[in-house]
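*Asks:* One-letter residues, chain by chain:
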Amino acid sequence: MDELKKILEDLRPDIDFDTAENLVDGNVFDSFDIITLVAKISEEMGVEINVDDILPENFNSLKAIAQLVDKYRK
Amino acid sequence: MIRNVLDYLDIDAAKAPDRIALEDEYGCMTYSEVRNSARIIGTFVARKVSVTDRPVAVIIDRNARSIVSFFGIVYSGNFYVPIDASMPAERVALILETLSPVMIIDARKTDNVFEGAVSFDELITEDVLKSSGDELAQASLIDEKLLSCINSRMIDQAPLYSIFTSGSTGVPKGVLISHRGVLDLVQAFEEAFSFDEETVFCNQAPFDFDVSVKDIYNSLYCCGRIVIAPRKLFMSPKLLVSFLAEKKIDTLIWAVSALRIISDFKALDNAENIPALKRVMFSGEVMPAKSLNYWKKMIPSAKYVNLYGPTEITCNCTYYVIDRDFADDEKIPVGKPFVNSRVELRDESLKVITDKNVTGEICVSGKCLALGYWNNKEKTDEAFVTDPCNPEYPVKMYRTGDLGFYDEDGNIVFASRRDHQIKHMGHRIELGEIETALNSISFLTISVCVYEESKEKIICFYQADTECKKEIVAELSKKLPKYMWPNEYVRYDVLPLNKNGKIDRKLLRSEWEQNNG
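Protein sequences, first through last, are from chains A and B.
The first sequence begins at 456 in my numbering and counts up by one.
The second sequence begins at 0 in my numbering and counts up by one.
No lab work stands behind these hints: they were computed from the structure.
The model shown is predicted, which means the values in this text are computed figures rather than measured ones.
Incorrect hints may have been included.
Simulated pairs of lysine-lysine, DSBU-like, Cα-Cα distance not exceeding 35 Å [unchecked claim]: (1) A:495 <-> B:289; (2) B:376 <-> A:495; (3) B:231 <-> A:495; (4) B:246 <-> A:495; (5) B:231 <-> A:518; (6) A:460 <-> B:481; (7) B:468 <-> A:518; (8) B:498 <-> A:495; (9) B:289 <-> A:460; (10) A:460 <-> B:456; (11) A:529 <-> B:289; (12) A:461 <-> B:289; (13) B:481 <-> A:526; (14) A:460 <-> B:231; (15) A:460 <-> B:469; (16) A:495 <-> B:144; (17) B:378 <-> A:495; (18) B:505 <-> A:526.
Please put together the full structure from these sequences, using the hints given.
*Replies:* Below you can see the structure in the form of structure tokens.
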């Protein structure tokens, strides 16, 4: 979770990821953020997220993104 | 004689009143509903301001009402200026200050109406949508006499819209486009790509980007349909593909970055994913051949077109229909001019270059040229020059600042820029505008930005006593839209100078490249 949080904070220093929800549904993220984030998760955490999982509900909060990454690690 | 883009709306609404013209996430509007609503807005604006050829700002959203508001303003004899209120307040204020609009219409579905604006909901109620044109005229909501009087005095050189684009000094510039520019554009597109009333355009570009102008007016010209894709879909490639299939989209006129959301994530399995798709047209930045090759492989039956041109020449002045295979590292040409646009390469003294493989500046003349930058004579004179090689009579020419060369087939190929303007994720950005914002931050001594094209990153080099990325972003978020925020921040105790005493961008770039592979 810490590693992921660091990636997110580096990507969007303007957001407090401890409290932020609705990152996609609330139009906080844009497509560039999602593209960069998926690339960073692959580069830095070695997790390749499948395109079928790139859905709003999986990216709405730090917790949701962490759960998605965990799914691949199991 | 057609002098006004809305002559096409009048023709469409008479011919096919019940055909769906616009569709957004809230529902559909027929041609007749669009026209009636726009004429109500036109009547309202004309009665209120009783001037013509003045700017009316529209607070936009990704919805049909934004387009209806544009048309309404045009019926009033004025021109529209789309404004995205989600931009930082300082930038919105800067634009409104430059513009001095005679009215602001808020087209968003919101309870929080923009300060000083008239809400679309006040003007167009549910009852109004159900009424016929005659009923609306009787209720005095549409003043046919007033609108036709305005129309009769209209000339095709009158301004139609202004779109604000990044300015190197920190103040955005309002590019002012005429009716004639757009009338020529849609005719040239029709000749080249044969749209018809069955054409379904999927609108991707926000209305404050001129890529969207092509959806709006090509559709109006061919009496087709525009489906406005919700913004959220561009964050879910598979859902986006399903949407295109479900809405039976056959034409995409999109920014390269939007098409790449589908290709980079490999969201297509085969042509049946988007069965109706016939045309994929792209612009805004260089399309990597690799991404194009993916699209072509997955949907081979579609026609692929590279479109080129800055906002100042009414969207596009050249095009290239992809007619062969390209190697992954090959450059896709921007092609040859559209009918009635003159596009030439010029050397430093502005003499015409005709030789192949010689780089020159892409210069454009013709009726497609913008009227200038609104209320900015200095920048207008800089970019819109009188052709010095034609001394006998004045010919206005726009210097794009883009450098290109002719390939073996006589197609223009984009090479680079002659200044600090960049294209980043489909956005045209002056690095100077970012630097102006950075240098207004009190705790930074000085900063510069460079663009690392291969990594698609804006890198900010700043001079400060301590690391302060988070604080910089907090300040920038008050001044610049997010797409202008640098992606990397590198602190220096002292930024290096070159022998001319300027900050050494070349050295900074090479140091960054060394440290970041």
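*Asks:* For every hint, state whether the structure bears it out.
*Replies:* Verification of the hints:
{"no.": "1", "hint": "A:495 <-> B:289", "result": "holds, 21 Å"}
{"no.": "2", "hint": "B:376 <-> A:495", "result": "violated, 45 Å"}
{"no.": "3", "hint": "B:231 <-> A:495", "result": "holds, 21 Å"}
{"no.": "4", "hint": "B:246 <-> A:495", "result": "holds, 33 Å"}
{"no.": "5", "hint": "B:231 <-> A:518", "result": "holds, 20 Å"}
{"no.": "6", "hint": "A:460 <-> B:481", "result": "holds, 20 Å"}
{"no.": "7", "hint": "B:468 <-> A:518", "result": "holds, 24 Å"}
{"no.": "8", "hint": "B:498 <-> A:495", "result": "violated, 38 Å"}
{"no.": "9", "hint": "B:289 <-> A:460", "result": "holds, 32 Å"}
{"no.": "10", "hint": "A:460 <-> B:456", "result": "holds, 21 Å"}
{"no.": "11", "hint": "A:529 <-> B:289", "result": "holds, 33 Å"}
{"no.": "12", "hint": "A:461 <-> B:289", "result": "holds, 31 Å"}
{"no.": "13", "hint": "B:481 <-> A:526", "result": "holds, 31 Å"}
{"no.": "14", "hint": "A:460 <-> B:231", "result": "holds, 23 Å"}
{"no.": "15", "hint": "A:460 <-> B:469", "result": "holds, 14 Å"}
{"no.": "16", "hint": "A:495 <-> B:144", "result": "violated, 61 Å"}
{"no.": "17", "hint": "B:378 <-> A:495", "result": "violated, 40 Å"}
{"no.": "18", "hint": "B:505 <-> A:526", "result": "violated, 44 Å"}
The structure fails to meet hints 2, 8, 16, 17, 18 from the earlier list, while all remaining hints are met.
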